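Here the protein sequences line up with chains V and Z, keeping their order.
Note that the first sequence covers residues 1 to 257 in this note's numbering.
Note that the second sequence covers residues 1 to 273 in this note's numbering.
Honestly, the hints are just simulated from the structure, not real lab data.
For clarity, every value in this text was computed on a predicted model and none was experimentally measured.
Note that beta-carbon positions come from the ideal geometry of N, C-alpha and C, so glycine has one too.
Do not rely on the hints blindly, as some may be mistaken.
Below, simulated EDC-like cross-link-like pairs (lysine to aspartate or glutamate); rule was C-alpha separation at most 20 Å, straight line [unchecked claim]:
| id | chain 1 | residue 1 | chain 2 | residue 2 |
| --- | --- | --- | --- | --- |
| 1 | Z | Lys77 | V | Asp53 |
| 2 | Z | Lys63 | V | Asp53 |
| 3 | Z | Lys124 | Z | Glu156 |
Here's a subset of chain Z near chain V, in silico, CB distances under 10 Å, partners left out [what the hints assert, rightly or not]:
| id | residue |
| --- | --- |
| 4 | Leu61 |
| 5 | Pro78 |
| 6 | Gly79 |
| 7 | Pro80 |
| 8 | Ile82 |
| 9 | Gly83 |
| 10 | Phe84 |
| 11 | Phe86 |
| 12 | Ser88 |
| 13 | Arg90 |
| 14 | Leu91 |
| 15 | Ile92 |
| 16 | Pro93 |
| 17 | Ser106 |
| 18 | Tyr135 |
| 19 | Leu161 |
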Amino acid sequence: MATGLKASMITVYRLLAFVLFLLLWWVISLVVGENLIPTPLSTLSAAQYLIGDGRIAQPLLSSLGVYCSGYALAVVVGIPIGMLMGGIRDLGRTLDIYVNALMATPRVAFIPLIILFLGLGPEAKIAVVFLGAVIPILIGTYSGILNSDAELIEMARSMGATRSQIYWRIMLPGALSFVVMGLRIGATIGLINTVVAELYTAASGLGGLLALYGNTFQMARYFVVVLALALIGGLVSQGLRMLENWASRWRVTTAGN
Amino acid sequence: MNPAPPVVVSGVSKTFQRARDRSPVEALKDVSLNLRANTFVTLLGPSGCGKTTLLRMINGLIKPDSGQVLVFGEPPKPGPRIGFVFQSFRLIPWLTVRNNVGFGLSLQGVDQGEKNDRVEYYLKLVGLSRFADVYPHELSGGMKQRAALARALVTEPEILLMDEPFASLDAQVRELMQMEMMRLWSERKSIVLFVTHSVDEAVIMADQIVLMGPRPGRIVETIDVTLPRPRWDAEIRMRRDFVELRGYLWNRIREMVMRDPSSDFYTGESDSI
Numbered sequence: 001m002a003t004g005l006k007a008s009m010i011t012v013y014r015l016l017a018f019v020l021f022l023l024l025w026w027v028i029s030l031v032v033g034e035n036l037i038p039t040p041l042s043t044l045s046a047a048q049y050l051i052g053d054g055r056i057a058q059p060l061l062s063s064l065g066v067y068c069s070g071y072a073l074a075v076v077v078g079i080p081i082g083m084l085m086g087g088i089r090d091l092g093r094t095l096d097i098y099v100n101a102l103m104a105t106p107r108v109a110f111i112p113l114i115i116l117f118l119g120l121g122p123e124a125k126i127a128v129v130f131l132g133a134v135i136p137i138l139i140g141t142y143s144g145i146l147n148s149d150a151e152l153i154e155m156a157r158s159m160g161a162t163r164s165q166i167y168w169r170i171m172l173p174g175a176l177s178f179v180v181m182g183l184r185i186g187a188t189i190g191l192i193n194t195v196v197a198e199l200y201t202a203a204s205g206l207g208g209l210l211a212l213y214g215n216t217f218q219m220a221r222y223f224v225v226v227l228a229l230a231l232i233g234g235l236v237s238q239g240l241r242m243l244e245n246w247a248s249r250w251r252v253t254t255a256g257n
Numbered sequence: 001m002n003p004a005p006p007v008v009v010s011g012v013s014k015t016f017q018r019a020r021d022r023s024p025v026e027a028l029k030d031v032s033l034n035l036r037a038n039t040f041v042t043l044l045g046p047s048g049c050g051k052t053t054l055l056r057m058i059n060g061l062i063k064p065d066s067g068q069v070l071v072f073g074e075p076p077k078p079g080p081r082i083g084f085v086f087q088s089f090r091l092i093p094w095l096t097v098r099n100n101v102g103f104g105l106s107l108q109g110v111d112q113g114e115k116n117d118r119v120e121y122y123l124k125l126v127g128l129s130r131f132a133d134v135y136p137h138e139l140s141g142g143m144k145q146r147a148a149l150a151r152a153l154v155t156e157p158e159i160l161l162m163d164e165p166f167a168s169l170d171a172q173v174r175e176l177m178q179m180e181m182m183r184l185w186s187e188r189k190s191i192v193l194f195v196t197h198s199v200d201e202a203v204i205m206a207d208q209i210v211l212m213g214p215r216p217g218r219i220v221e222t223i224d225v226t227l228p229r230p231r232w233d234a235e236i237r238m239r240r241d242f243v244e245l246r247g248y249l250w251n252r253i254r255e256m257v258m259r260d261p262s263s264d265f266y267t268g269e270s271d272s273i
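Isolated chain V (complex conformation):
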């Protein structure tokens, strides 16, 4: 009851914050000048135009296609490699310094190389997204397994569990929250890399529109694209938060979303 009331209060506060944000945006656009920062209203009418005209639908789909393919590929590759590195200790010890080095390298540095091999088309863009997302997913899975609870492992051993039973029943399920954390970081970097790829290879998708409208000072339309990207980011992170809640459903649920 009390928590339900509190949750609805938070919703009210959020709406208030949104109104405040719009107000602030509007004031800034008036102060700075509408040609640099469009008002919320002119952005809205630009959005109506772009959506009605169908001019944003195709780039949106193209960006989502690149993003989803690259991310899916990163999940399919990153989780199993992380599982292998966590399961076979010597393999993990051998590879983890390289993985960490790759994590610390700005992976957009590889874009020229990728263009060289894959050209400027969707394959190259997917590769850039993949490269951004795969490392955090891999590291999340790997470190989740490394962090498994030694006491639970000993308990399972005392009951006669085999190594593979310990891996599948204790280590891997225990790593789930780390895997989901890796998925979240990967999703964020993947979205960034989608836009970067679209800017640096053949301009297309939402990134392409950003460049087009930005370079030609069509700021209201430019803002529509930025907001579309923010919306995608918000939806993805909300979805992954739901996954996270599901993965930790056995924990005490004190905090709402």
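Mind docking chain Z on chain V? Use the hints.
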């Protein structure tokens, strides 16, 4: 001729290296111990006397450096015949109580129907049927340890090893759990080897008390307890033989602690410096 006892520990030594400075610690030195069938044995002694090491050795989790441990005539292997209950409960947090209790059976690949029946039976035995479908974090300490106990009992082990199982419970719950444990044991006897720091607990539960001393870990004395069972009346603690045994054990432990240079209560009267 008598058959060999089910558990035979003969001349066992074990040395560990400290993680800090790699210096050796003699956890156990020349320990010999036989456990007879259906006896409740408590291992009593101050910290650092190798009680837990001995327990883990009988389970087969670690091997002795020298000497021999035989369980049912063979070197022990962890498995369903030897149950283990830990101080820290060690329930799997993402499994419900029911699945925690069934964990050992699912490791063995016992079929679903039989598994469900046995889990149901042991949940009922420890009084947790109503909590079968909750997760461990929703349970109190006493309930968690009941669940862990049911998990150990569900494979119907012939030996039950308990490593200070009630040490993290509050005093009242602890005494209730002692009664509960005695009830369970009287319903289905097995060898229980029960590690404890508490003199009271050691006396009230045991058929036999094995008193251990620290640095190196060794057996100092073995005492048979002849107090009548059942012992769940409060009067038992007022019996003269209970009080005397308790007092005797207390003095022995205090002596050992005072003479141990690495304890906080070392008085330095010995010539070992």
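Hints versus structure:
1. For a cut-off of 20 Å, the pair hint linking Z/Lys77 to V/Asp53 is broken: about 73 Å separates their Cα positions.
2. Taking the CA atoms of Z/Lys63 and V/Asp53, the gap is near 76 Å; set against the 20 Å cutoff, the hint is violated.
3. Under the criterion of a C-alpha separation no larger than 20 Å, the hint pairing Z/Lys124 with Z/Glu156 is consistent with the structure, at around 15 Å.
4. Taken as an interface hint, Z/Leu61 checks out: its beta carbon lies about 6 Å from the nearest beta carbon of chain V, inside 10 Å.
5. Taking 10 Å as the C-beta contact cut-off toward chain V, the hint placing Z/Pro78 at the interface holds, the least distance being around 5 Å.
6. For Z/Gly79, the interface hint holds, since its Cβ comes within 10 Å of a Cβ in chain V; the closest pair sits about 3 Å apart.
7. Restraint check, Z/Pro80 versus chain V: the minimum CB separation of about 6 Å is within 10 Å; hint holds.
8. The closest approach between the C-beta of Z/Ile82 and any C-beta of chain V is roughly 8 Å, which is under the 10 Å cut-off, so the hint is satisfied.
9. Hint on Z/Gly83 holds. Least Cβ distance to chain V is approximately 8 Å, under the 10 Å limit.
10. Because the beta carbon of Z/Phe84 sits about 4 Å from the nearest beta carbon in chain V, less than 10 Å, this interface hint is met.
11. Hint on Z/Phe86 holds. Least Cβ distance to chain V is approximately 6 Å, under the 10 Å limit.
12. Among the interface hints, the one on Z/Ser88 holds; its C-beta lies about 6 Å from the nearest C-beta in chain V, closer than the 10 Å criterion.
13. Hint on Z/Arg90 holds. Least Cβ distance to chain V is approximately 4 Å, under the 10 Å limit.
14. Annotation: Z/Leu91 was flagged as interfacial toward chain V, and the flag holds, the nearest CB pair being 9 Å apart, inside 10 Å.
15. A least Cβ separation of about 6 Å between Z/Ile92 and chain V falls short of the 10 Å threshold, and the interface hint therefore holds.
16. Using the Cβ-Cβ criterion of 10 Å, the hint placing Z/Pro93 at the interface with chain V is satisfied: the shortest such distance is roughly 6 Å.
17. The closest approach between the C-beta of Z/Ser106 and any C-beta of chain V is roughly 8 Å, which is under the 10 Å cut-off, so the hint is satisfied.
18. Interface restraint check for Z/Tyr135: the shortest CB-CB distance to chain V comes to about 4 Å, inside 10 Å, so the restraint holds.
19. With 10 Å as the threshold, the beta carbon of Z/Leu161 comes within range of chain V, its nearest partner Cβ sitting at about 8 Å, so the hint holds.
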